[in-house]
Structures are given as structure tokens and as C-alpha cells.
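Residue numbers (the working numbering), protein chains in the order written: chain A, 1 to 352; chain B, 1 to 280.
Derived by calculation from the structure, the hints in this document are not laboratory data.
Do not take every clue at face value.
Each computed DSS-like pair below joins lysine-lysine, with the alpha-carbon atoms no more than 27 Å apart [as the list claims (entries may be wrong)]: (1) 107(A) x 184(A); (2) 268(A) x 247(A); (3) 268(A) x 257(A); (4) 267(B) x 169(B); (5) 130(A) x 169(B); (6) 71(B) x 130(A).
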Amino acid sequence: MARIQLKGIQKRWGAFWGVRDVEIDIADEEFLVLLGPSGCGKTTTMRMIAGLEDPSEGEIIVDGEVMNEVDARDRDVAMVFQGYALYPNMSIYENIRFPLRMRNVPKEQHDELVRRAASMVELTEYLDRKPGALSGGQRQRAALARAIVREPQVFLMDEPLSNLDAKLRQAMRVQIKHIQRELKITTVYVTHDQIEAMTLADRIVIMQGGAIQQIGTPDEIYTDPANTFVASFIGAPPMNLIDGEIKDGSFVSDGIKIPNVGMQSLGKIKLGIRPEDCAVVSSDASHHHMTGEVYGVEPTGDMTFLTLKVGDMNVEIKADRDYRSDLGVSEKVAFDTSRLYFFDAESGLRVR
Amino acid sequence: MASVRRTKSENLYIRYLILGSWALFCLMPVLWFLSIGFRPRTEIITAQPVYFPTFSMDAWHMIWSDWPMAKYLRNSVAAIFGSVVIDLVLAIPAAYSLSRYEYRGREDIGFYILSTRMMAPAIVAIPIFFLFRNMGLLDTIWALMLVYAAINLSIVTWIIRSYMTDIPKELEDAARTDGASDLRILWEIIIPAVLPGIITAAVIAMIFAINEFLFTLLIASTPDAYTMSVALANFTGGSDGLIYNAIALVAFLAFVPVFLVVVAIQKHLSRGLTMGAVKG
């Protein structure tokens, strides 16, 4: 049971700002994902919640209690690290038991708790081994078991899956989400992988340059991005951002014209359109918004990524699985005009 | 290409040949000690080389009967062991602090510690003599322990520090969030992880200590505090002249304890305990 409030958090190292003006209210039992490119301050923010870093300013409040002065070992948080951080000289059993010993959990309960945590992550048969004798995925599960064994108030996970291969990552993702829902423990999860963020999170916090760009549910982040950074960070391939201008109610750019965008003349502006909201239409179709030359075709099996050269830009389109074409062919594209986004050309902020 | 092909086993023989020659070369002094030590004195100083010396236990009996060799050996072992214990007790926390905590002048302190080895030992010889005389510790193995510990402390600290610096910070962060105090982290996480480094440092300190001569000669004035290295010097003077075969045996005896220790802990002398701690 823990509600975590971050109020006016700043972190500076000399003249360098690691984190600035971070305000997050994390509800009890929530799964919150901090998402951003490396160096965006997400890990620092998490480490401040853990007590491994002190904020330069601001308050960290857990269930109404200011935690700033509480030492990391006295905060009831458990952390899973990117590099697993298993104790190399101890067996997996001893690794999982370590937090119980440190927190003076009665000895007679240790065995049961360790075995229960190990069975939750399906590691029971490896308890006697040393970390060095386990595979990456098993080590990751051991680290997870060490975190869940004492049922802390808060889970903190710092890119726990980034050292695993794609297949294992997907399996572990499901397992982490399942365990979090089962134990109902407030969780803060740091990642730079937008798929992890979208699939795991109740809410996503997108950070860049130490500052929060947007907080919202995965749906909100995806369908209602606050600025070009969020728009281009989420989605694979990311949202197309096209420079142009709005004149007499129409968006115009090199090779693109969209009438009736619902805005009057605004001058320079960026249009955002997701690859899946673009459709290739037949060459004799009268209704289209964009014309471009085929630059690349990448079939993936369930769909085909098409890259069109439009003016001096490349525009990504998700086409049908059986779409094929040759380089240089001229294609016409229609947009789903209900899913157009406009951003200020200077600030990158959303224009509504 | 029509070059000569070597089979794998031929390659292996060549490797053994090269390594074997090198090992023989390195072991030569030891074998030479033994050869000289166990031959009669008359066969040592001859103009013509003696290819098949007579075996003789004369020198062996002499060193045990005419000198308190067992006592020297005991003094050596006690002084060295004591000094290494003192070094480790002081160096481990110092190295931990130097490798982990951030504070002003940390690098300077590290350098200062190392700089104690940069000065010629003779410079401090006289002050040390007076220091121990005033403390009433002259001619005791306690003084030897302290001196050896002082000489080696800097190198021991630096070796352990470099191993500690290599330990991923994540391990400590993990232990801290698991609820461990700084001392617990040092004792349960750091020390086991740097054990190879601690052992390496201890062995190096031992080797330095067993070879220490200058300060030992200064502090020890009777067999009460003589060590093997000083005992060796006793065979070079006096009415009997140079007793080469006895010197060889004593030198060999001084070498044996270190050799045995190194063999016993050989597997720890290499790194690798942290393998599997982080990533893989």
C-alpha cells in the first residue's frame, strides 16, 4: 500500500540539470512507467524514489510521509536493476533470502518466503546455483524474486529487460505485469522501450532532457500526444511529422494538400500523421492527399512498411500485408483526416 | 600453399617444450640452492666444476644445531603473519572509502598513501630506530610486525582499492535497497567479491615482508627477533668465513613458506569471482 508523490523535484550536479520540475502523483497499486531516451532523467528520478540519490530540491512523499531524509535501507522499496545485481558469492537461495535477513524477518519464515518467491518466477530448481551458473533470463528472474520476497510497499524496476533477447523479453514482460497485478504493489518501471511502456503501464510518464513531456494512459499518450517529442517517440514506425503551412483552411506542403483541416490560416506548422492512418489508394482515385515516389518496401509478414519520398521528406506508411511495389513508382495516399495532428513549428507543442 | 603443416600434437609438444624450458630457467636458482646446500663444503669452492657432487647433510645438521633456526623461522612467520593481518584490517576499510565515498581530497589522500612508498627506506631508518627504542619495542617481533605493516600498507590499500573500484556500483545499490547497512555491505558483499584481490595483496605483502632486511637488522639485535633474512647475513661473516652451503639452505627455507602459501591459494590469485554478478 503506497501512494507516491513527487513534488517539485529538481536534481542538479553542478551546472548540469539531471531532473527538473518533476511532479508526479502515483496512485496506490499503480503501474507507472517512466519512458524516455537515455539521459532523460528517468533513472535518476527512480533512484531518488529509492533513496539512492538525494533530490536537490522538492519532496518525495510516500503515503503522506516525507521520505527525503529517510535512508535507502529504511525505505520499504525493492529495486530490480538493469544488470540484475545478484550477489555473486551467494547462491540464488541466499540472494533471495538476503533482504529478509537484512530486515530482520523472523528466521523461521525465511524458507517458506524464499521458496514462494522462487516458485512465482519458476526458479525453484535453481536455488542452489550461483548467479554465474544461470542464463540471463534466469538471473533476471532471480533478481525479480529477490525484489518480491518481502512484499515491499514499492517496486522499482530499472530497465530490467534490456539485457534479454526479444523473445524472452516478451515472456518476462507478461510475467512482471502478472506478478504486479497479483501482489498489488505500486510499481515504478523505467524503460526506453516504448513497447514495454505501452504494454505494461497504467500510466506513462514521458521524459526528455530531465523534464516531463507528458503524463497519461498509454491510449492518451498514443492518441493525444502533447508535443512532437511524444508524438515521434511513441509508435513503430513513429508518427510522420511533415513541415507545411495552413492556408485558407487547407494544409499545404510539397506534394501534399489536405483541405478543410478545421483551422484557418496559421502559417508554418507541422502535420503529424501515424503510418497506420495513411492508406495507399489506386492511381486513378480522385480522393487523395499526398503523392510520392516509392523509396522502400519492407514486408514484415503481417503488414508491409512502405516509405514514400515526398518532396525532400520520407513518409512512412503501414500498407497491406500483400502490398508490393517497385522503387520510383508514383503512389497516391489518402489520410484518415480524423487523425491528423498539428504542432507549432517552433515550440513543437500541439496546436488544437 | 606448400608450407609445412604441423599436427595438433606437434604444436602441443612445442608448447610444452617452450613452457618447460621457461619453468626450468625460473626454477634454476632454487635447484642450485638445493644442489649447493646438500654437498660438502669442500666441493663448493673448487676451480673445476663438480658435475656429480657428493650428497651431504652437513650443512643441514649445522644450521639446526649451531643456530636457533627454528626460532628464526618462527619469528619470520609470526612477524609476517601479524603484519599482513594489521595491513588487511587497516587497508580494507581504507580501500573501501577510497573507492566508494565521494569527499574532498579523496584522490589526494589516495596519492598520499601511495607516496609513502616513493621514499628511500633509509631516510626513515634512524627515526624508526629511535621511535621503537622510546617505545621499548626494540628487538621484539612486535616492532617487526609494525614496521612490515607500515611498509606494505600503501601497496595493499592500492591493490584492494583497484579491485573494489571494479565492483559494479549496482551491487551496493541493490544491497542498500535490500536493507543492508554500510558495514553489512562491506562484510557480506564487497569483501567476498574482492577476495581474490585481498589474497593477491596479502601475498605481495608477505613476499615484501619476508625479504625485508634493512629495518629488521636495525630493530633486531639478538636471536629473539632475528628473521630468516637477517639469519642469512649471519653466515657471511665470522671466523668460519662464508658458509655457502648453509646460506643456500637457509635461503631455501626462507623461500619455502611463501611458496607453500602461494601454491595453496593459487586459484584465488586470479580474478573472476565477480563473473555473473552483472550482465554476463
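These are the hints, each one checked on the structure:
At roughly 25 Å between alpha-carbon atoms, residue 107(A) and residue 184(A) fall within 27 Å of each other, so this suggested pair holds. Distance restraint check for residue 268(A) and residue 247(A): the Cα-Cα separation of roughly 9 Å lies within the 27 Å cut-off, and the hinted pair is therefore satisfied. At roughly 14 Å between alpha-carbon atoms, residue 268(A) and residue 257(A) fall within 27 Å of each other, so this suggested pair holds. The suggested pairing of residue 267(B) with residue 169(B) holds, with an alpha-carbon distance near 26 Å, which does not exceed 27 Å.
Restraint check for residue 130(A) and residue 169(B): satisfied, since their Cα atoms lie roughly 20 Å apart, inside the 27 Å limit. With a C-alpha separation of about 45 Å, the suggested pairing of residue 71(B) with residue 130(A) is violated against the 27 Å cut-off.
Checked against the numbered hints above, the structure violates only hint 6.
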